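In the order they appear, the protein sequences are chains A and B.
Using numbering that gives the first Met the number 0, the letters of the first sequence correspond one by one to residues 0 to 274.
Using numbering that gives the first Met the number 0, the letters of the second sequence correspond one by one to residues 0 to 313.
Just so you know, the hints here were simulated from the structure itself, not pulled from any lab data.
All values derive from a computational prediction rather than experimental measurement.
Check the hints yourself; a few may be wrong.
Claimed, not checked - Once the Cα atoms are required to be at most 25 Å apart in a straight line, the calculated PhoX-like pairs of lysine-lysine come out as: (1) B:K32 to B:K16; (2) B:K242 to B:K280; (3) B:K292 to A:K184; (4) B:K280 to B:K292; (5) A:K42 to A:K25; (6) A:K184 to B:K236; (7) A:K259 to A:K35; (8) B:K145 to B:K292; (9) B:K292 to A:K89; (10) B:K39 to B:K12; (11) A:K38 to A:K25; (12) B:K73 to B:K288; (13) A:K38 to A:K238; (14) B:K145 to A:K184; (15) A:K238 to A:K25; (16) B:K304 to B:K145; (17) A:K148 to B:K304; (18) A:K83 to B:K236; (19) A:K83 to B:K242; (20) B:K236 to A:K89; (21) A:K95 to A:K83; (22) A:K83 to A:K56; (23) A:K35 to A:K25; (24) B:K304 to B:K292.
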Amino acid sequence: MGWFEKKVDTEAIVPDAIWQVCPSCKAHIMKDEWVKNIKVCPKCNYHDRMGCRERIKLLIDDGTFREFNDHIVPSDPLNFSDAKGPYAEKAAATVKKLGISESVITGSGNIGNTRVVIAVMDFRFLGGSLASGTGEKILLAVEHAIRFKRPFIMLSASGGARMHEGIISLMQMAKTCAAVSKLEKAGLPYISILTDPTTGGVSASFALIGDVNIAEPGTLIGFAGRRVIEQTIKQKLPKDFQTAEYLKTHGFVDHIVERKNMKSFLENLLSYRLK
Amino acid sequence: MDFDFEAPLEELKEKIKLLDEKAAAGDATASSKAAQLRKKLEAQTARIYSTLEPWDKVQLARHPGRPTITRYSKEMCDDFIEIHGDRVFGDDPAMLCGFARIGDQRFMLIGHRKGDTVEQNIEYNFGMANPEGYRKAMRAMHLAEKWHLPVVTMVDTSGAFPGLEAEARGQAEAIGRNLMEMAALETPILTIVTGEGGSGGALGIAVGDRILMLENAVYSVISPEGCASILWRDGTKAPEAAKALHITSSDLAELKVIDGIIPEPVGGAHSHPEATMENVKAAIISNLKELEKVSASHLTENRYKKFAAIGRFN
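Please model the complete structure; the sequences and the hints are all you need to start from.
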């Protein structure tokens with residue numbers, strides 16, 4: 000759950016600079032090229048984190064996206080405050096700053112010939128944490144998919160459950176998975192796309208139970224944090240531990256797909272659903 | 000003395016002990032004095048236990064003297080046939096599963112297994128299950144569904160095991176799949192948090208139609224220590240985090256996350272394990288009786304609605 004420390008907003012570091020420094024190989028890339036290359040490093044193929052609206056633009060046909068439930072904002076069931084002050088203030092400031100109502104946006108849109116329901120998490124929103132608003136938006140999106148018999152596509156990016164909503168956040172894991180079980184019963188496709196990072200309570204709920212699990216290269220995927228594991232077992236962990244590639248080798252990810260190919264991959268994959 | 004909050008009781012206990020010795024030597028007044036002090040001790044214990052802070056309850060919930068699932072299976076149940084293994088990788092001793100009977104009530108008992116001794120705790124990995132533990136639990140639940148047996152799950156874990164091999168074998172996938180499959184299981188599920196309800200590792204067997212907690216149990220998204228070290232950047236602020244996280248049985252009842260609280264005798268489950276197990280037994284019998292009246296389709300629909308309603312504030 001150490002996502003608070005690891006939050007790196009590259010745009011904030013070099014807001015108007017001409018150069019983008021690759022967070023992985025530290026190469027200096029022209030900003031124009033970085034954007035044109037959809038935030039993938041042309042030198043080392045590092046897939047940088049992306050905002051949820053950028054992802055929608057990348058995957059959904061222009062002009063076809065219809066957003067659901069953007070009135071659902073964070074609640075504060077515990078009246079929670081920590082060393083930095085009230086959670087309610089922090090959450091409201093995040094909504095205002097990012098212009099999204101929660102750590103996920105949901106809606107329907109077209110991918111080629113198929114109308115799909117899609118949910119995209121955003122790591123910039125309190126570490127993409129899963130809380131009541133997130134769970135509710137995902138559940139409502141799945142229910143929409145069932146009502147209109149659409150495939151459901153979930154893009155995860157999260158440090159896990161949001162501590163500030165305590166047990167209510169934990170219960171969102173059960174809530175979202177109950178929704179997935181309804182998709183299963185309805186015989187509708189569930190495609191899970193894991194993006195960097197997908198850890199903690201999100202990995203241990205809906206992210207790894209797709210009909211097909213897809214990940215971007217290099218994505219961090221894991222249940223427990225690296226440091227916690229090292230402290231528990233008192234061993235150094237392999238370098239590729241908890242990467243998308245590691246998960247694929249161990250049988251939990253079906254395919255690693257580069258960002259530039261993701262939409263055509265999805266279009267092709269969805270064509271295999273005959274009815 | 001087990002806990003700091005019990006310190007005021009120590010002096011009384013000491014006095015009673017001395018008086019008992021005198022009484023044993025034939026001092027009649029000592030015996031009546033001891034009886035008086037016992038009443039006083041009982042009253043003071045009750046007062047202390049009724050005003051415990053959340054952090055005190057964390058200590059109680061983790062007390063090694065609380066009944067473990069091994070004791071529930073042997074002492075509370077009239078019969079127990081353990082089943083072993085997930086049929087894929089191996090048998091996880093941190094998760095106990097088996098056919099259980101209390102009187103005429105038969106059910107599948109599933110739960111995290113902490114040890115009653117240090118040696119057992121090492122053998123059972125302190126109740127921290129690996130993926131094969133969660134998969135064994137799911138296998139037991141499907142078996143129960145097939146045999147039309149209700150399921151009782153007992154939650155008592157600090158969390159799913161954070162290990163290299165646990166990750167390699169898909170700890171996250173195992174828990175996620177349990178959450179999905181439990182939601183659709185066509186047999187009643189009664190969940191009782193008996194001690195520590197530690198995050199996803201607890202939830203992985205806790206998608207119940209009814210969720211109960213023992214009075215001094217706790218259930219949380221993260222340990223108070225973990226939360227304190229992240230949000231306060233200071234692990235010693237755990238008592239504050241415990242309060243802020245709302246993790247006690249009364250907190251969770253108020254938040255409507257649980258359906259009931261099973262009372263513990265004054266002095267806590269660790270002081271009176273037999274009486275505690277009697278209370279749990281009564282709760283199992285009465286709740287299963289009610290749940291078994293509900294048809295399978297209503298059960299799963301109600302279960303879905305129950306979880307869908309948690310966190311619906313807007």
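Pairwise hint evaluation, K25 (chain A) against K35 (chain A), where the allowed Cα distance is 25 Å at most: holds, 18 Å
Restraint status (C-alpha distance of K83 (chain A) to K242 (chain B) at most 25 Å): holds, 16 Å
Proposed proximity, K56 (chain A) with K83 (chain A) (alpha carbon, max 25 Å): violated, 35 Å
Pair hint K304 (chain B) and K145 (chain B), alpha-carbon separation not exceeding 25 Å: Distance ~24 Å between K304 (chain B) and K145 (chain B) Cα, so the pair holds.
K38 (chain A) paired with K238 (chain A) [C-alpha distance capped at 25 Å]: With Cα atoms ~24 Å apart, K38 (chain A) and K238 (chain A) stay inside 25 Å; holds.
25 Å Cα cutoff - pair K145 (chain B), K184 (chain A): Measuring from Cα to Cα gives roughly 18 Å; hence the hint holds.
25 Å Cα cutoff - pair K32 (chain B), K16 (chain B): holds, 11 Å
Straight-line alpha-carbon gap K83 (chain A) to K236 (chain B), limit 25 Å: holds, 13 Å
Given pair status - K12 (chain B), K39 (chain B), alpha carbons within 25 Å: Cα-Cα ~10 Å, so holds.
Straight-line alpha-carbon gap K184 (chain A) to K236 (chain B), limit 25 Å: Judged against 25 Å, a Cα distance of about 45 Å means the pair is violated.
Restraint check for K38 (chain A) with K25 (chain A), where alpha carbons must lie at most 25 Å apart: Roughly 14 Å separates the two Cα atoms, so the pair holds.
Hinted pair K292 (chain B) and K89 (chain A), Cα distance within 25 Å: Between K292 (chain B) and K89 (chain A) the Cα gap is close to 47 Å, so the pair fails against 25 Å, i.e. violated.
Checked against the numbered hints given earlier, the structure breaks hints 2, 6, 9, 22 and satisfies all the rest.
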